[in-house]
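Novice: Given chain A, work out where chain B with the ligands should sit, using these hints.
Protein chains: 2
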Amino acid sequence: MEKTNVAIVGLGTVGTGVARLLLDHGDRTARHAGRTMWLKRAVVRDLAKPRDVDLPAGVVTESLDDVINDPEITVVAQLIGGLEPARTIMLQLMAAGKDIVTANKALLAEHGPELFTKARELGRSIAFEASVAGGIPIIANISQCLSANQILSMEGILNGTSNFIVTQMDEKGASYDDVVRKAQELGYAEADPTMDVDGTDAAQKLAILAHLAFGATVDWSQIPRTGIDRLDPTDLQYARELGYRIKLLAVAHLADDGLELSVAPTLVRIGTPIAEVRDAFNAIRVIGDAVGPVFYHGLGAGQMPTASAVVADLIDTAVGRTKLTFQTLEYFSIDQPPRVLLRDANTLMARYYFRLHVANHPGTLAAIAAVLERHNISIASVIQHENGGGSPHLDPVPLVIMTHSTTEGASRAATEEIASLPSVTGGVVALRVKD
Amino acid sequence: MEKTNVAIVGLGTVGTGVARLLLDHGDRTARHAGRTMWLKRAVVRDLAKPRDVDLPAGVVTESLDDVINDPEITVVAQLIGGLEPARTIMLQLMAAGKDIVTANKALLAEHGPELFTKARELGRSIAFEASVAGGIPIIANISQCLSANQILSMEGILNGTSNFIVTQMDEKGASYDDVVRKAQELGYAEADPTMDVDGTDAAQKLAILAHLAFGATVDWSQIPRTGIDRLDPTDLQYARELGYRIKLLAVAHLADDGLELSVAPTLVRIGTPIAEVRDAFNAIRVIGDAVGPVFYHGLGAGQMPTASAVVADLIDTAVGRTKLTFQTLEYFSIDQPPRVLLRDANTLMARYYFRLHVANHPGTLAAIAAVLERHNISIASVIQHENGGGSPHLDPVPLVIMTHSTTEGASRAATEEIASLPSVTGGVVALRVKD
Ligand SMILES: NC(=O)c1ccc[n+]([C@@H]2O[C@H](COP(=O)([O-])OP(=O)(O)OC[C@H]3O[C@@H](n4cnc5c(N)ncnc54)[C@H](OP(=O)(O)O)[C@@H]3O)[C@@H](O)[C@H]2O)c1
Ligand SMILES: NC(=O)c1ccc[n+]([C@@H]2O[C@H](COP(=O)([O-])OP(=O)(O)OC[C@H]3O[C@@H](n4cnc5c(N)ncnc54)[C@H](OP(=O)(O)O)[C@@H]3O)[C@@H](O)[C@H]2O)c1
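Taken in order, these protein sequences are the chains called A and B. Read in the UniProt record's numbering, the first sequence has 385 at position 385, and its numbers run on one by one without any break. Read in the UniProt record's numbering, the second sequence has 195 at position 195, and its numbers run on one by one without any break.
It should be emphasised that the hints constitute simulated quantities derived from the structure, not laboratory data. It is possible that part of the hints are untrue.
A pair holds if it fits inside one copy or across any two, identical chains being indistinguishable in the list.
Taking lysine-lysine pairs in the DSBU-like style, the calculated list, with each CA pair at most 30 Å apart, reads [as the list claims (entries may be wrong)]:
(1) K40 / K3
(2) K323 / K118
(3) K182 / K3
Isolated chain A (complex conformation):
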């Protein structure tokens, strides 16, 4: 049987999972690849550090040169996180003739055009299924399986850490800080979870998907994004009362005048598939003009789901499929003009949920309604509960307003104006509502 020699660079969570699949399930990978997938080298920073996998003698090395200078190694799973030295190592590996498989969405979102252009120049390929949505094979599905379609929209839960946090806050009534600690203990959140909870990670993944689905060349940092790090448990409660949950939704929607992209905590109706995505799961709903809606749900991260995607890519690369796809689709080509431009975020249409604290006296609601009317925003419903303890006419009471469809620009202008009304205390929470 033919043999493809593989190396792993970076034996962390994902790298260890990949090593396990290659070492423990050689029969399986051989069957699916039509050749032996042989783990020849695993490059680590520190040989002494214990690894959660039994590596045969001679496999593990501290020297990247053991891979670079070995012409037998043709495919490398590059599983170091962050931008550097990941970028430099990837360039070195490609220059040495290796095809790359990676899970590093930050690197692709930041340096995609450079890396993909270099790969094409060198006749190499980069496979990156594991970079978005972990166990859900969304890259292959969009690039190949749905290739007969014009994708019309994609919406998804692309960050498992955020979804875990929101689910636990919602279901257990726990505070944001407590849940973040729990997520860290369970290994769902990193020591510094900023990129997960502030929407960066979801925006980086959305930028990759938007390129594949729409030919959009977007800098992820231009995608309007809000994270869940300032989400108030009160909003989860009100949402439930109104028949919704709140999810960190990444949305791409192709409109006549351009592409809408956004990442934001959004009210989604209880009972719809996207609202029922719990804990560390991810989900994506794609609408194609021929296929209609297709919904995918699976684990968004974690050692083995991510390793599953990496090993599928290693097999595709060894078989030769990756190269054909890579050559055909011209991913992130700087020679190709973008096929679609981003819409002005201010023109995005949505229903809104506003929550604010108001003085509990007559005229307050009228003043707020007048502002909304001036911005052409019509009110769908209002919740104002009695103030539990305090003196009825002094303590501010919470007020929740659900609007009909309006623009993001109008919503922003109106909420700023409302926040400056004398009867309003503190700011206005504004969340989008999906129907």
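Specialist: Same frame as chain A, but now just chain B with the ligands:
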């Protein structure tokens, strides 16, 4: 730009959809294939019959020879239904050097080994994404995207017609016959819907999936199957009362001692994703040992969803990916022994729902309970409503029993014995319950 010349044989529902995608969206298919996908010929039986697509002059022909003898045509979408002449035509096309794309699951389920072996001998490929689950790209997902996994189980709703009928019966309280008529009017059900409603179509699709996922070589007719054609609206009502819906579930489950395969109306808990699959949608839940559960939901049939799958296969074939996959995976190879054998259906474990009519007098339930106890089946719950009109001690009343887990063999033996009790009128309805 390079050009791949494509032909369609059979311009029915699916063939017309494929022609539309190729003709109306040449820019899109060219972008995804890296070459022009050129529809050169469409073979029909009757030139005079009006088609729902504008074909350029010279494309449509009654002569298969116009395709067979044209060496420029390298890929053919074979979209005739049934076994013959579809089988013979496919063999002729392959002998003439054409790669095949097909949606015909009946043909593959019946003649897969012959056709795939012939294709390999001739150096040709057969792509068949459209043959299972319409718009859900489950073939590519199992064969490629999840290739790092041992699949542990698959369960799905694979027949859109049956699901439409059951959904309408459940939600509208309509009778089976009325809903079948409606399904025919809407184009969901064929003039003779037997293969859809008796479980044949789902069993054929399950046989294909079981081969891909488990290397099982199963004759679809050996899969134990029950259709929805004898489903009683009463059972849908009782199921709902108990917190379930009834779905025609195709199940493949890998156990230590072999593979369980079955197609049967099954009680699935309301609120679980599979229970919420409505109308003509299909869904599949796959569990892989690395990736965990992955859930897919999409339109199971219909012109454009099916055409979407066919055109994706045409592109994959033109690009060269299909050939690599086909050569590697040795689909339905008669040289390869099956990797797994079917389990004896009698040993399958499940909870059961039994419904029967019993004489409304003391001792009846005790007699039934005694039979169940003798077969080691323990009762989880019982529903016995008061008899609406009739005389309390004469008219038989319906009795519903939910059991704990037992074997299919025990369930069958017990229900036969119960049906023969003097206090029981008519047969016993036995349906599996999934948790
Ligand atoms: N974890 C997931 O669920 C998941 C899911 C999808 C994508 N990803 C992506 O996959 C990548 C890896 O993630 P991870 O969770 O496996 O991270 P991780 O556990 O932190 O592992 C990264 C590994 O890279 C090693 N490394 C860093 N610099 C190196 C160098 N110069 N030479 C050799 N090794 C080096 C680190 O070595 P030390 O052990 O010596 O620090 C560490 O073991 C990231 O891009 C991440 O975004 C992860
Ligand atoms: N419809 C769906 O949603 C769907 C979904 C998945 C898979 N499929 C599969 O796709 C295949 C086609 O289905 P369909 O719905 O398109 O069926 P259909 O509407 O009945 O079309 C079949 C076509 O084949 C033509 N045909 C039959 N024998 C022929 C011959 N010797 N030469 C040329 N044309 C011939 C028929 O011609 P006439 O028009 O002259 O009768 C008809 O137009 C079937 O295998 C089906 O199981 C269908």
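Novice: As a check of your reading, is K323 near K118 (CA-CA no more than 30 Å) within one copy, between copies, both or neither?
Specialist: Answer is both; intra-copy 14 Å and inter-copy 28 Å each pass.
Novice: Should K40 paired with K3 be assigned to within, between, both, or neither, using CA atoms and 30 Å as the limit?
Specialist: Answer is within; shortest intra-copy Cα gap is 11 Å, inter-copy 40 Å.
Novice: 30 Å Cα cut-off: does K182 pair with K3 within a copy, between copies, both or neither?
Specialist: For K182 and K3, neither the intra-copy (43 Å) nor the inter-copy (56 Å) Cα distance is at most 30 Å.
The structure fails to meet hint 3 from the earlier list, while all remaining hints are met.
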